[in-house]
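If you're matching them up, the sequences are chains A and B in order. Residue numbers for the first sequence follow the working numbering, beginning at 1 and rising by one. Residue numbers for the second sequence follow the working numbering, beginning at 112 and rising by one.
Since the hints were derived computationally from the structure, they do not count as laboratory data. There's no promise every hint is true.
Listed next, the in silico DSS-like pairs over lysine-lysine satisfying Cα-Cα at most 27 angstroms (straight line) [unchecked claim]:
| no. | chain 1 | residue 1 | chain 2 | residue 2 |
| --- | --- | --- | --- | --- |
| 1 | B | K184 | B | K170 |
| 2 | B | K156 | A | K111 |
| 3 | B | K156 | A | K79 |
| 4 | A | K107 | A | K58 |
| 5 | A | K111 | A | K79 |
| 6 | A | K107 | B | K156 |
| 7 | B | K156 | B | K170 |
| 8 | A | K79 | A | K58 |
| 9 | B | K188 | B | K177 |
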Amino acid sequence: DIVMTQTPLSSPVTLGQPASISCRSSQSLVHSDGNTYLSWFHQRPGQPPRLLIYDISKRLSGVPDRFSGSGAGTDFTLKISRVEAEDVGVYYCMQATQFPTFGQGTKVEIK
Amino acid sequence: QVTLRESGPALVRPTQTLTLTCTVSGFSLTTRGMCVAWIRQPPGKALEWLARLDWDDDKYYSTSLKTRLTISKDTSKNQVVLTMTNMAPVDTATYYCARMSLMSGVVDYWGQGTLVAVSS
Numbered sequence: 001d002i003v004m005t006q007t008p009l010s011s012p013v014t015l016g017q018p019a020s021i022s023c024r025s026s027q028s029l030v031h032s033d034g035n036t037y038l039s040w041f042h043q044r045p046g047q048p049p050r051l052l053i054y055d056i057s058k059r060l061s062g063v064p065d066r067f068s069g070s071g072a073g074t075d076f077t078l079k080i081s082r083v084e085a086e087d088v089g090v091y092y093c094m095q096a097t098q099f100p101t102f103g104q105g106t107k108v109e110i111k
Numbered sequence: 112q113v114t115l116r117e118s119g120p121a122l123v124r125p126t127q128t129l130t131l132t133c134t135v136s137g138f139s140l141t142t143r144g145m146c147v148a149w150i151r152q153p154p155g156k157a158l159e160w161l162a163r164l165d166w167d168d169d170k171y172y173s174t175s176l177k178t179r180l181t182i183s184k185d186t187s188k189n190q191v192v193l194t195m196t197n198m199a200p201v202d203t204a205t206y207y208c209a210r211m212s213l214m215s216g217v218v219d220y221w222g223q224g225t226l227v228a229v230s231s
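Just chain A, same shape as in the assembly (with noise of 0.2 angstroms):
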């Protein structure tokens, strides 16, 4: 299985200032296809976790243009350029490549 490392695990950040949160796979993501199925969530306490960026970089309608994503092969950035108090919560990365596998999650909170 393909393991999907987070870095930070914990991200104490000041409301209006920038985040970013890395997440590292054990093998590239690139699918046979050439496409790289690799999805960012948010999930709140009590709550399913929420789509915000699939395929790197692309936004789910409806998320806010302060979610970004980024990355290649192995490595990938979700970044939030100004965080808001509703985006504390924890961030999960996901690789749909092969069997889907997440990583261990990143918990956003503010300082």
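Based on these hints, arrange chain B on the given structure of chain A.
Chain B in isolation, oriented as in the chain A frame:
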């Protein structure tokens, strides 16, 4: 409107078999390019994919759990069923079903989840 709803027991005893049902609406289990997955999350821990059932009845399982899992569907009832044998306390978790597009890898709809505790 797409919805998924999990149902099953809140408590199972160690060594018992867990049976969970995901009832879907707003889409068909035979829609080309779609699948339904079971994903779990132990309290305070990360998400873990368990199994996936594709529109054409192909089935895929977590490597570490495949000997204990069976996924199936009842198209007439719009239901996907997961069974997990030989339950243990470490299997205590919230179990989610979710829909994924095989074309894009997008997991766009989730159920609210059902918490299953394993205890004697």
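We went through each hint and held it up to the structure:
Taken as a hint, the B/K184 and B/K170 pair is honoured in the structure, with Cα atoms around 10 angstroms apart against an allowance of 27 angstroms. For the hint pairing B/K156 with A/K111, the CA-to-CA distance comes to about 22 angstroms; that is within 27 angstroms, so the pair holds. A distance of roughly 23 angstroms separates the Cα atoms of B/K156 and A/K79; the hinted pair therefore holds under the 27 angstroms criterion. Among the hinted pairs, A/K107 with A/K58 is consistent with the structure: their alpha-carbon atoms are about 22 angstroms apart, no more than 27 angstroms.
At most 27 angstroms may separate the alpha-carbon atoms for a hinted pair to count; A/K111 and A/K79 meet this at roughly 18 angstroms. For the suggested pair A/K107 and B/K156, the alpha carbons sit about 11 angstroms apart, so the restraint of at most 27 angstroms is met. Between B/K156 and B/K170, the direct Cα distance comes to roughly 26 angstroms. Compliance with the 27 angstroms bound is thereby established for this hinted pair. Our distance criterion of 27 angstroms between C-alpha atoms is met by A/K79 and A/K58, whose separation comes to about 13 angstroms.
Distance check on the hinted pair: B/K188 and B/K177 sit about 25 angstroms apart at the alpha-carbon level, within 27 angstroms; holds.
Checked against the numbered hints given earlier, this structure breaks none of them.
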